[in-house]
Amino acid sequence: MLYALCFLLFMIGLYCAVTKKNMVKIVIGILIMEYAVNLFLIMLGYRIGGKAPIVGTEDMAGAGSQLSELFVNSSVDPLPQALVLTAIVISLGSLALMISICIRTYEKYGTFDITQIRRLKG
Amino acid sequence: MSIPLPVFVAIPLATAFLLPIFGKRGKGAATVLANLATISLLVLAVASIGRSHVYEVGRWPIPLGINLVLDGLSSLLLLAISVVSAAAMLFSVRYMEQYTAKAKYLSLFLLMVAGMNGVVLSGDIFNLFVFLEIASLASYALVAFGCEHEELEAAFKYMVMGSIGSTFVLFAVALVYGNTGTLNMAYIAKAIQHSGLNPGLTFALGLFIAGFGLKAALVPFHAWLPDAHPSAPAPISAMLSGIIIKTLGVYALARVVFNVFGVSASVGWLLMALGLVSMVAGAFLAIGQWDFKRLLAYSSISQLGYVVVGIGLGGLIIARNGNIAWASLAILGGLFHLINHAVYKSLLFLTSGSVQMSTGTRQLKQMGGLAETMPVTRVTCTVASASIVGIPPFSGFWSKLILVWAAVQAGFYWVAAIIVFVSLCTLIMYLKVQRYVFLGELPEDGQQTREHGSSMLAAMVFLACLCVLMSLLVIVPSLRANILDPAVKVLTDGLSYSSDVIQIAGKV
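Chains as they are written, first to last, in this note's numbering: chain C, 1 to 122; chain F, 1001 to 1508.
Calculated from the structure, these hints are not laboratory results.
Note that the structure is a prediction, hence the values are computed from the model and not measured.
From the three backbone atoms N, C-alpha and C, an ideal C-beta is built for every residue, glycine too.
It cannot be assumed that every hint is accurate.
Said to hold, decoys possible - Pairwise CB distance ranges, derived in the manner of DEER restraints: (1) C:L5 <-> F:G1206: 42 to 48 angstroms; (2) F:P1392 <-> C:V89: 48 to 54 angstroms; (3) C:L95 <-> F:L1197: 32 to 38 angstroms; (4) F:V1032 <-> C:I103: 33 to 39 angstroms.
Whenever a hint applies, use it, and build me the whole structure from the sequences.
The structure is reproduced here in structure tokens:
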């Protein structure tokens, strides 16, 4: 259910990026898509009522070096969080570049409307 | 002695961050350093041929850590990247004097090279996405480098399409992780072999094809390419058309489809359909163009279609359990066409830059008679055109011949017919270029045109020689066995990629 909402958010972003005429709105659409994917990644690893995946002595099963089953089943998967951090940094970089291109375009054309920015054709 | 794989990423990355320090006064030093970086990469790429190696970053054993994998396909692509980037860098020495902020240009260029090398070496699917974004972000900035009306508009278009493609890829990576619980490509392949495709993974495969298809500018996704490629400075157009669309698009697609998911008949058909549509549509659109670089850009779409048709046909034959020899032949044709196209299309873009620098225009109708004043550009451009059309001694002929032969042997006569037909369209396109640019009367204001800069000429002559010499890659058996065959084998063996990587990593 939550995954479906996440996918809905992704589609809203895609719709926004494809149909809007204003450059800044297109950028916002792309950002919504990226956030939807980030949210999806976080949800993949999340467990309701889960705890931080830090191993303490009480989490070891018996004397062996195996982790206890309780720990494995209740801890949150840390890997997607690392992925999301990387993805956020990348999307920050691309956002900065996109917005600076928008600003330079506005200086040249005096508008954000992509239907009026049409020097290239064919 | 094995080559430590991270140097392929580390050299351009370190140089890229070093260059802006030189600032305005140290422009000469920065140029020399950047050229040294690309040339050393070329040497390393040549040295890496015929080796296979798995490097575990930070000594974390796979699948816990990130790994870099060098196999036949990676070293083929590394070679192509380093040849094109060395030539384009040499060309930039003189060409980029027209622009300000040369040091920034050089560092963006090297960032792009670092990203591409990372993409072809990465054995980890999330890392592949990260390197893909590094290369793409640098290329968006380079398309906008002139900061004029057209450049900004093209860069915005490119960036929007590229970002949507990257988001698709990231979404697919998330789905794959959710379904298999690992990010290492070898282990993902193993998990998929074990459990089969479920709807989530099928959806992820669809997203991968759409995402990489956007980067490769296959026809339904091609709208950005004819704007972005001509707007960039000429050496960057050469990089974009020559190698970026192939590494970020075709290589990544082939790797994911063949080695991770395993090719199926429907995917083979899909790739072949995308390739055929790109071939035909790109060729028709290119014939009508009067802008030199725009014509070349449309022709890139068409030529990339050949590569995808070869790979798709090979995949289809494998999936139907057909004769593996014809499958290898089709893939050989596709991959050989990939490196051929990298060389001659970048050469064509460099000659177009040279012409543009002399005449100040890209419109074919305003040029003419340049054969007298620019002999070197004329000869190199003719060599590249002959190669792309497929005239016998040149490299393009062999790759097209192999593709046609493979299609006929596999019983796809109509595919062979379309390949030959598109070659004829390509002939028309490049006769038009020769006729309007180099033959005919010199226009009145064209008396002053002349060749510029020995470095630009050296880059063009280097690539023109390669256009001729590359035919040796298929004719001489020992060269083919060392360079092309291992790359073909990676794709035809498909899912054994996974066990190979795990086995090699275990040995180290």
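Outcome of the hint check:
1. The supplied range of 42 to 48 angstroms is broken by L5 (chain C) and G1206 (chain F), whose beta-carbon atoms lie about 21 angstroms from each other.
2. About 51 angstroms separates the C-beta atoms of P1392 (chain F) and V89 (chain C), a value consistent with the hinted range of 48 to 54 angstroms.
3. One distance hint, 32 to 38 angstroms for the beta-carbon pair L95 (chain C) and L1197 (chain F), holds here, with the actual separation near 34 angstroms.
4. A beta carbon spacing of about 34 angstroms between V1032 (chain F) and I103 (chain C) agrees with the range 33 to 39 angstroms that was offered as a hint.
Figure legend: structure checked against the earlier numbered hints; the only hint not met is number 1.
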